[in-house]
Each structure stands twice: as C-alpha cells, then as structure tokens.
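Trainee: Sequence:
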Amino acid sequence: KSDGIMSVYQGVDAAIGRQLVYGTARIGLHRAFSDKLKEINDGKPINFGMKTISGMASGSIAVCIGTPFDIALVRLQSDSMAPVAERKNY
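Read in order, the letters of the sequence shown correspond to residues 1335 to 1424 in this note's numbering.
There could be a bad hint or two in this list.
[Claimed, not checked] Lysine to aspartate or glutamate pairs mimicking EDC-like chemistry, simulated, CA-CA at most 20 angstroms apart: (1) K1422 <-> D1404; (2) K1422 <-> D1347; (3) K1385 <-> E1373; (4) K1385 <-> D1369.
[As the list claims (entries may be wrong)] Simulated restraints, written as ranges between beta carbons of each label pair: (5) L1354 <-> A1416: 46 to 56 angstroms; (6) V1408 <-> G1377: 26 to 36 angstroms; (7) Y1343 <-> V1397: 20 to 30 angstroms; (8) G1357 <-> I1387: 18 to 28 angstroms; (9) I1361 <-> S1412: 28 to 38 angstroms; (10) R1421 <-> G1383: 45 to 55 angstroms; (11) V1346 <-> M1390: 39 to 49 angstroms; (12) G1377 <-> V1355: 25 to 35 angstroms; (13) A1391 <-> G1351: 15 to 25 angstroms; (14) G1383 <-> I1405: 30 to 40 angstroms; (15) Y1424 <-> V1355: 13 to 23 angstroms; (16) L1354 <-> G1389: 18 to 28 angstroms.
In short, the hints are calculated from the structure, not lab data.
Where a beta carbon is used, it is the ideal one built from N, C-alpha and C, also for glycine.
With the sequences and hints as input, model every part of the structure.
Mentor: What follows is the structure in structure tokens.
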C-alpha cells in the first residue's frame, strides 16, 4: 500500500473529504447569499455585480471551511515520502 501503484491513493480520503465539504459549502452559501440579495432587490433578479459578490463571499467562506482538509491531504501525502524512521503513519 505504501509503494507502487497503490501509493497514488495515499491521501485520497482527505481529498474526497475536502471536495465534499468545500463544494457543498460553496454551493449552499452561494444559494443562500443569492436568495438574500434577490430579497433585498425586491424580488427582481440580481445583476452580475451582485452575483459576483455572492460568489466571492461564498467561495471565501468555503475555503476557510475546507482548509483543514487541505492540510490533512498534504500531511498524508508527504508522510509517505519521508524516510521510514521519520514517518508518523497518519
């Protein structure tokens, strides 16, 4: 599992977790922000600028939520490259 073709999968669980958390947060927050902006805009569709603000805000917050998974991914992948004596075996 630690060498050969199977080593490619080292850290894949953290990558999937990150994508699940980040993607869900980003899409969910974007929908919530867009709905609130539409409500503020008297129910009319929001313009490109408001959509941009909604996307930037939701993406920024989602990145903060997903960062711990990125750290886990890097640690899992880098641990497999360390000498055997120095591995933490996450």
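Trainee: All the hints need checking, so say for each whether the structure fits it.
Mentor: Taking the hints in turn, this is what the structure says about them:
1. K1422 <-> D1404: holds (18 angstroms)
2. K1422 <-> D1347: Answer holds: K1422 to D1347 is near 17 angstroms, not above 20 angstroms.
3. K1385 <-> E1373: holds (13 angstroms)
4. K1385 <-> D1369: holds (10 angstroms)
5. L1354 <-> A1416: 46 to 56 angstroms: violated (27 angstroms)
6. V1408 <-> G1377: 26 to 36 angstroms: Given range 26 to 36 angstroms: violated, Cβ gap about 45 angstroms.
7. Y1343 <-> V1397: 20 to 30 angstroms: holds (25 angstroms)
8. G1357 <-> I1387: 18 to 28 angstroms: holds (20 angstroms)
9. I1361 <-> S1412: 28 to 38 angstroms: Holds, at about 30 angstroms.
10. R1421 <-> G1383: 45 to 55 angstroms: holds (50 angstroms)
11. V1346 <-> M1390: 39 to 49 angstroms: Given a distance of about 29 angstroms, which is not inside 39 to 49 angstroms, the answer is violated.
12. G1377 <-> V1355: 25 to 35 angstroms: holds (32 angstroms)
13. A1391 <-> G1351: 15 to 25 angstroms: 23 angstroms Cβ-Cβ, so the 15 to 25 angstroms window holds.
14. G1383 <-> I1405: 30 to 40 angstroms: holds (34 angstroms)
15. Y1424 <-> V1355: 13 to 23 angstroms: For Y1424 and V1355 the Cβ distance comes to about 18 angstroms; the hint holds.
16. L1354 <-> G1389: 18 to 28 angstroms: holds (20 angstroms)
This entry does not satisfy hints 5, 6, 11, going by the numbered hints stated previously.
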